Amino acid sequence: MDVLNQLQRQYTDFTALLYREGFVDDNFTQVQKLQDESSPDFVVEVASLFFEDCEKLVNNMAEALEQQDVDFKQVDSHVHQLKGSSSSMGAARIKNVCIAFKTFCETQNRDGCLRCLQQVNHEHTQLKTNLQALFTLERQIVANGGSIPVMQ
Amino acid sequence: MFSGDMATAGEILRRSLTDEVGVSKGSVSGSEELHVLAVDDSFVDRKVIERLLKISSCKVTVVESGSRALQYLGLDGEKSSVGFNDLKINLIMTDYSMPGMTGYELLKKIKESSAFREIPVVIMSSENILTRIDRCLEEGAEEYILKPVKLSDVKRIKDVIMGGDGKQKKRRSVRKRGREDRNLFTITIVACTVILIDCV
Numbered sequence: 001m002d003v004l005n006q007l008q009r010q011y012t013d014f015t016a017l018l019y020r021e022g023f024v025d026d027n028f029t030q031v032q033k034l035q036d037e038s039s040p041d042f043v044v045e046v047a048s049l050f051f052e053d054c055e056k057l058v059n060n061m062a063e064a065l066e067q068q069d070v071d072f073k074q075v076d077s078h079v080h081q082l083k084g085s086s087s088s089m090g091a092a093r094i095k096n097v098c099i100a101f102k103t104f105c106e107t108q109n110r111d112g113c114l115r116c117l118q119q120v121n122h123e124h125t126q127l128k129t130n131l132q133a134l135f136t137l138e139r140q141i142v143a144n145g146g147s148i149p150v151m152q
Numbered sequence: 001m002f003s004g005d006m007a008t009a010g011e012i013l014r015r016s017l018t019d020e021v022g023v024s025k026g027s028v029s030g031s032e033e034l035h036v037l038a039v040d041d042s043f044v045d046r047k048v049i050e051r052l053l054k055i056s057s058c059k060v061t062v063v064e065s066g067s068r069a070l071q072y073l074g075l076d077g078e079k080s081s082v083g084f085n086d087l088k089i090n091l092i093m094t095d096y097s098m099p100g101m102t103g104y105e106l107l108k109k110i111k112e113s114s115a116f117r118e119i120p121v122v123i124m125s126s127e128n129i130l131t132r133i134d135r136c137l138e139e140g141a142e143e144y145i146l147k148p149v150k151l152s153d154v155k156r157i158k159d160v161i162m163g164g165d166g167k168q169k170k171r172r173s174v175r176k177r178g179r180e181d182r183n184l185f186t187i188t189i190v191a192c193t194v195i196l197i198d199c200v
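Just so you know, the sequences run in chain order Z and E. Under full-length UniProt numbering, think of the first position of the first sequence as 1, with each following residue one higher. Under full-length UniProt numbering, think of the first position of the second sequence as 1, with each following residue one higher.
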């Protein structure tokens, strides 16, 4: 019982931190609400899709930015896609980088774009690590016979 | 004397309760499941919209592009494996920004088709651009909703489409952006102003 309480407490604290630091926002909560007994791994599945998508888009952006003659419209279209999926996922920090990224695409600022790309990579890694930790906590709570605390 | 009446009253009460239960069971969500065709080029959004619709007790078919959607509906000029009669789509929800064919272009093609023009089409977009919204509504979109789509959006749309009596109704009464609403509002304001001026 003590272990379970500790885990649940850890989970609550960690989740609060993720929201406070802006790693995730309310849209992530919405995604969590879609998980239930009939779809118990929904959040993990969406997160996997998101990270895969993110990696693919980042590679596309990097390639486009490496060209002699950068096609900023192409880059912008990739950024737009990433902005969309990070918004749906509730990946707030990544979404915010995309907003800045779009501006650099519009002004055809290659250096600005490259900086944003770096930031996207950084945020991607951070979020992945954080969510993996969150999912691990969830598994541990369930393994100890408890239920995952619901955030309000 | 009374016992007979009371027994009858009890029977009537029991029957009406059963009827009520029967009505709610056999109504909209029970017998007629909404079949929704969702179109979106994003993996994440496809997964989310599919789940949103399934939670809302809808049958879902998800495709990743406008051309795939037309293929599914049999509107692409090619022979489709699914006949018109077998395909019963009650609602189409499409992303606006997609490579190749945009949601707007898909909307146009659907509204141009005699077989499918009556199917309500909802446009989803992350961008709140008034001219875009107007264009979609003018082309016949049922609604234009902002992404990320929430459960409450889906529930509201479903209620509008179902119309409350199990039959599909082409209703334009509830939506986030409505030209007719704006025109009606303007007319009302003008009318009230005229009346007020008259009174003075």
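For the record, the hints were derived by calculation from the structure and aren't laboratory data. These numbers were taken from a predicted model, which means no experiment stands behind them. Heads up, some of the hints might be wrong.
Some chain E residues judged to face chain Z by a derived CB distance under 8 Å, without partners named [claimed, not checked]:
(1) D45
(2) I55
(3) G77
Cβ pair distances, simulated, as ranges [what the hints assert, rightly or not]:
(4) Z/G145 x E/T131: 52 to 62 Å
(5) E/E32 x Z/T12: 50 to 60 Å
(6) E/K111 x Z/N96: 32 to 42 Å
(7) E/E139 x Z/Q68: 56 to 66 Å
(8) E/D134 x Z/T125: 40 to 50 Å
(9) Z/N144 x E/T131: 16 to 26 Å
(10) Z/N109 x E/I195: 38 to 48 Å
(11) E/R117 x Z/L4: 34 to 44 Å
(12) E/E118 x Z/G22: 57 to 67 Å
(13) E/N128 x Z/R20: 26 to 36 Å
Partial selection, computed: residues in chain E whose CB lies under 10 Å from chain Z [as the list claims (entries may be wrong)]:
(14) S97
(15) P99
(16) M101
(17) K150
A virtual CB, placed ideally from N, CA and C, is assigned to each residue, including glycine.
Each hint tested on the structure:
1. Against a cut-off of 8 Å between C-beta atoms, the interface hint on E/D45 holds, since the closest Cβ of chain Z lies about 5 Å away.
2. This hint holds: E/I55 has a C-beta 6 Å from the nearest C-beta of chain Z, less than the 8 Å allowed.
3. Interface restraint check: E/G77 against chain Z, minimum CB-CB distance 28 Å, threshold 8 Å, status violated.
4. Against the hinted window of 52 to 62 Å, the Cβ-Cβ separation of Z/G145 and E/T131 comes to about 56 Å, which satisfies the hint.
5. At about 42 Å, the beta-carbon gap between E/E32 and Z/T12 misses the expected band of 50 to 60 Å.
6. The hinted range of 32 to 42 Å is satisfied by E/K111 and Z/N96, whose Cβ atoms lie roughly 37 Å apart.
7. Separated by about 41 Å at the C-beta atoms, E/E139 and Z/Q68 break the suggested range of 56 to 66 Å.
8. One distance hint, 40 to 50 Å for the beta-carbon pair E/D134 and Z/T125, holds here, with the actual separation near 42 Å.
9. Here the CB-CB span from Z/N144 to E/T131 is close to 55 Å, at odds with the stated 16 to 26 Å.
10. For the pair Z/N109 and E/I195, the beta carbons lie near 57 Å from each other, so the given range of 38 to 48 Å is not met.
11. Between E/R117 and Z/L4 the CB atoms are about 57 Å apart, so this pair departs from the stated range of 34 to 44 Å.
12. Restraint check, E/E118 to Z/G22: a C-beta distance of roughly 45 Å breaks the suggested window 57 to 67 Å.
13. Our hint of 26 to 36 Å for E/N128 and Z/R20 holds, since their Cβ atoms are close to 27 Å apart.
14. Contact between E/S97 and chain Z, as hinted, is supported at the beta carbon level, the nearest pair being about 7 Å apart and thus within 10 Å.
15. Because the beta carbon of E/P99 sits about 7 Å from the nearest beta carbon in chain Z, less than 10 Å, this interface hint is met.
16. Given hint, E/M101 at the interface with chain Z, is violated; its Cβ is 15 Å from that chain's nearest Cβ, farther than 10 Å.
17. Interface restraint check: E/K150 against chain Z, minimum CB-CB distance 6 Å, threshold 10 Å, status holds.
Hints 3, 5, 7, 9, 10, 11, 12, 16, counting from the list given before, are not met by this structure.
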